[in-house]
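Q: Each chain, written out:
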Amino acid sequence: MFKDMTIVRIYLRETDRGFHKGLLKEMMSILHDEHKVHGVTVFRGIAGFGRHGDVTSADLLRLNVKLPLILEFFDDPDTVEAAIQALGDRVPPGHLVQWTVSCKI
Amino acid sequence: MFKDMTIVRIYLRETDRGFHKGLLKEMMSILHDEHKVHGVTVFRGIAGFGRHGDVTSADLLRLNVKLPLILEFFDDPDTVEAAIQALGDRVPPGHLVQWTVSCKI
Amino acid sequence: MFKDMTIVRIYLRETDRGFHKGLLKEMMSILHDEHKVHGVTVFRGIAGFGRHGDVTSADLLRLNVKLPLILEFFDDPDTVEAAIQALGDRVPPGHLVQWTVSCKI
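Protein chains in written order, with the working numbering: chain A, 25 to 129; chain B, 25 to 129; chain V, 25 to 129.
Among the hints, a few may not be true.
Identical copies carry no separate label here, and so any pair may be met within one copy or between two of them.
[Unchecked claim] Taking lysine to any residue pairs in the SDA-like style, the calculated list, with each CA pair at most 25 Å apart, reads: (1) Lys-49 x Asp-28; (2) Lys-60 x Asp-102; (3) Lys-27 x Ile-70; (4) Lys-27 x Arg-37; (5) Lys-128 x Pro-116; (6) Lys-27 x Pro-101; (7) Lys-128 x Gly-46; (8) Lys-27 x Ile-129; (9) Lys-27 x Gly-46; (10) Lys-27 x Lys-49; (11) Lys-27 x Pro-116; (12) Lys-27 x Pro-117; (13) Lys-27 x Val-115; (14) Lys-49 x Val-115; (15) Lys-128 x Glu-50; (16) Lys-49 x Ile-129; (17) Lys-27 x Arg-114; (18) Lys-60 x Ala-106; (19) Lys-60 x Gln-109; (20) Lys-60 x Val-115; (21) Lys-27 x Ser-126; (22) Lys-49 x Ile-108; (23) Lys-27 x Gly-118.
Calculated from the structure, these hints are not laboratory results.
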């Protein structure tokens, strides 16, 4: 059986490792402790560029330079909507996308 | 020219590295040998939490702790439906999502 | 406020590291310099197989073997359409998927 759910991706970047690590932890804590959202995963890209056009990339000798971080989660539409509202301004404009998926339950 | 296809994401976790490595291999073998599914990719997240709320994360000194694994593939809707049926109970409820994409052919 | 955008994923593989690294750089340069596309991220999978069925995987001792690379970006539908046209034959048939997402602006 399948059920409609909403999947969310939030695009961050490690411009200032400390800052974003803190921001990421804060957002994960909101999703986890307050909203008990399902299926939260954080991915790190190996290269990318953002709105301001600065290219970043990783190689084996520079493991921690300014890499893209993607925070992804999915849950039923109401839970997702409440979670996005709780994240508020922590997510910069244009950095959050969502779409409907069919989840096997 | 574009054609409708279905993309699937399955969310696993390395709670027991041996077990999930085995499960992942078994599922990849089903997708690969039996269903010849297109575009199979496995990603490892750097942090996440699941239904039971235990947060996991990786840093440079703990490369192999309980990280999220995502198995992703896409193909035409019929092939995907058959592949999902073949995977059966290997996928826990609520851990598989799918949606329609437009594939450039 | 939310706005419809198109997200694109392009599936590559490091079969020949030099070649694909070059191809990837060329495609990123087109997306970045010519089309100023938003939210470009490159991910590396840890395992996968393609149309020809050769399984690939990474472990800690073989960090650079033939791994899947995903180039992802999203922007408004017109920008994405122009960017895909500019990428042209650099993307093999069946290796690009796109779908509509709702972006928080």
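Q: When no copy is specified for Lys-128 and Glu-50, does a C-alpha distance of 25 Å or less occur within a copy, between copies, both, or neither?
A: Answer is between; shortest inter-copy Cα gap is 19 Å, intra-copy 30 Å.
Q: Using 25 Å as the alpha-carbon threshold, which applies to Lys-27 and Arg-37: within, between, both, or neither?
A: For Lys-27 and Arg-37, only the inter-copy Cα distance (22 Å) is at most 25 Å; the intra-copy one is 32 Å.
Q: As a check of your reading, is Lys-60 near Ala-106 (CA-CA no more than 25 Å) within one copy, between copies, both or neither?
A: within (11 Å within a copy, 32 Å between copies)
Q: Are the CA atoms of Lys-49 and Ile-129 at most 25 Å apart within a copy, between copies, both, or neither?
A: between (29 Å within a copy, 23 Å between copies)
Q: Quick one: Lys-27 to Lys-49, C-alpha cut-off 25 Å, is that within a copy, between copies, both, or neither?
A: Close neither inside one copy (29 Å) nor across copies (27 Å); limit 25 Å.
Q: State whether the alpha carbon distance between Lys-49 and Asp-28 is at most 25 Å within one copy, between copies, both, or neither.
A: Neither: 28 Å inside a copy, 28 Å across copies.
Q: Evaluate Lys-27 and Pro-116 at a C-alpha cut-off of 25 Å and name the case that applies: within, between, both or neither.
A: Cα proximity of Lys-27 and Pro-116: across copies only (14 Å, versus 30 Å in one copy).
Q: With identical chains treated as interchangeable, where does the CA-CA distance between Lys-60 and Val-115 reach 25 Å or less: within a copy, between copies, both, or neither?
A: This pair counts as both: shortest intra-copy Cα distance 19 Å, inter-copy 21 Å.
Q: State whether the alpha carbon distance between Lys-27 and Ile-129 is at most 25 Å within one copy, between copies, both, or neither.
A: Within. Shortest intra-copy distance 7 Å satisfies the 25 Å Cα cut-off; inter-copy 27 Å does not.
Q: If the cut is 25 Å between Cα atoms, do Lys-128 and Gly-46 qualify within a copy, between copies, both or neither?
A: Only across copies: Lys-128 and Gly-46 sit 22 Å apart there, 34 Å inside one copy, limit 25 Å.
Q: State whether the alpha carbon distance between Lys-60 and Gln-109 is at most 25 Å within one copy, between copies, both, or neither.
A: Within. Shortest intra-copy distance 14 Å satisfies the 25 Å Cα cut-off; inter-copy 29 Å does not.
Q: At most 25 Å between alpha carbons: which applies to Lys-27 and Gly-118, within, between, both or neither?
A: between (28 Å within a copy, 9 Å between copies)
Checked against the numbered hints above, the structure violates hints 1, 3, 9 and 10; every other hint is satisfied.
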